[in-house]
Structure formats: C-alpha cells, structure tokens
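Asks: Sequence:
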Amino acid sequence: MVFKGKRKKLYTLFAAVFVLTLLGVTFLFPYSSLSLNRTVTYDPDNRMVKEYLQSLTDFKDQYKTKKPDDATAHRNPYFLQLFELKWLTSKEPVQMDHQDLDILLLEVKTARQSLMELAFQESYPVHAKIYLKNTIEGCLELEERIEDLQDSKFRSRATLDRQYRNLHVSFINNLGRYSSFYKESRKKE
Numbered sequence: 066m067v068f069k070g071k072r073k074k075l076y077t078l079f080a081a082v083f084v085l086t087l088l089g090v091t092f093l094f095p096y097s098s099l100s101l102n103r104t105v106t107y108d109p110d111n112r113m114v115k116e117y118l119q120s121l122t123d124f125k126d127q128y129k130t131k132k133p134d135d136a137t138a139h140r141n142p143y144f145l146q147l148f149e150l151k152w153l154t155s156k157e158p159v160q161m162d163h164q165d166l167d168i169l170l171l172e173v174k175t176a177r178q179s180l181m182e183l184a185f186q187e188s189y190p191v192h193a194k195i196y197l198k199n200t201i202e203g204c205l206e207l208e209e210r211i212e213d214l215q216d217s218k219f220r221s222r223a224t225l226d227r228q229y230r231n232l233h234v235s236f237i238n239n240l241g242r243y244s245s246f247y248k249e250s251r252k253k254e
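Quick note: the sequence shown, position 87, residue 152 per our numbering, numbers continuous.
Check each hint, because a few of them may be wrong.
[To be verified] Simulated pairs of lysine-lysine, DSS-like, Cα-Cα distance not exceeding 27 Å:
id, residue 1, residue 2
1, Lys218, Lys151
2, Lys71, Lys151
3, Lys129, Lys198
I should point out that these hints are in silico values taken from the structure, not numbers from a laboratory. Just so you know, these numbers come straight off a predicted model, no measurement behind them.
Construct all of the structure, not just a fragment, from the sequences and the given hints.
Replies: What follows is the structure, encoded as structure tokens:
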C-alpha cells in the first residue's frame, strides 16, 4: 500500500516535470518541434513603424501624382501590397507563425520574379537599372532572411525577435530601393 502511494507521487512528479518542460520549451523556443504554440509575437518599434509608414506614404504620393501607362506602373500595386503587409505597418504586436512566413516568402519571390521580368522587358536609364538590380538583390536578401526564420526550430525567443526586427529593417531598405528605382524609371519620359 505504501508502495502504491510512492508510485502515484512519482507519476505525478514526472507528469509535472514533463508539463513544465513543455511550457518552458514553448516559451523559450517558440518554433521548436516540442512547442505547444508555434507562434512568435513580433512587437515592432513604434518609431521604426512610423518612419516606414511615412516612407510608404511618400512613395504612394509619388506614384499617384503621375501614373504612366507602362509595365512598371502596372506592377506597382502588387509591390505596394508587399510593402503594406500588416506585420510591417502595425504598431501593435503581431503573431507570426510558419504559415505566415510561407505566405511572406511566396509574396517576396513573386515580387522578385516580377522585377526580373521588368529588367528584361523594359528599357531604363542607367541609374534606374542600378536601383532595379539593388531591389532584386534586396528581394534575395529578404528571401534568405525569411528562410532562415523558417529553419529556426532551435533558436530562442530573443533571437527570433532580433531576426524579425532585422527582417523588418530589410523591408524598409527594400522599400527605399524600390522607391528610388521607380523615381529613376520615370526619368525616361
């Protein structure tokens, strides 16, 4: 009888340790295979988001003032969709999981493919070509960063947060590159 009581306590202890381990893994390593909730809450820097939104608004104003009828202008709304994603423009924390990363990667690859098509279909001034090349390289960098996040099963929450911030900064930089490309591409007219 005493033996059964000890066995019950032992099972309870093992169950408690197991549950605490799972909770610890879930908190410390959110993308781990053992994690119960495979999401990360990205809490952006409000100043960074404010500056990004201002850059986005400036670009939209530049685009709206003069809408030429060419392939570059026709593809602009699709690029704007990429730069207007909720997690980039929200000042509030946003939940990100692997499905969100898959969608993000697909959108970046589609944008890069579209930029590649522009590079071969249109003729641009020299400076516009340089900015277009830089924008394509920026898309490749974004793809690498997203793929790195997808393969981050053993990274801590702090590391993932830093990676998301770096990805956000890369999007900001790519918006600047694309905006410069678009501005220079208009000079051919």
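Asks: For each hint, tell me whether it holds in the structure or not.
Replies: Cross-check of the supplied hints:
no. : hint             : verdict
1   : Lys218 to Lys151 : 24 Å, holds
2   : Lys71 to Lys151  : 54 Å, violated
3   : Lys129 to Lys198 : 24 Å, holds
Checked against the numbered hints given earlier, this structure breaks only hint 2.
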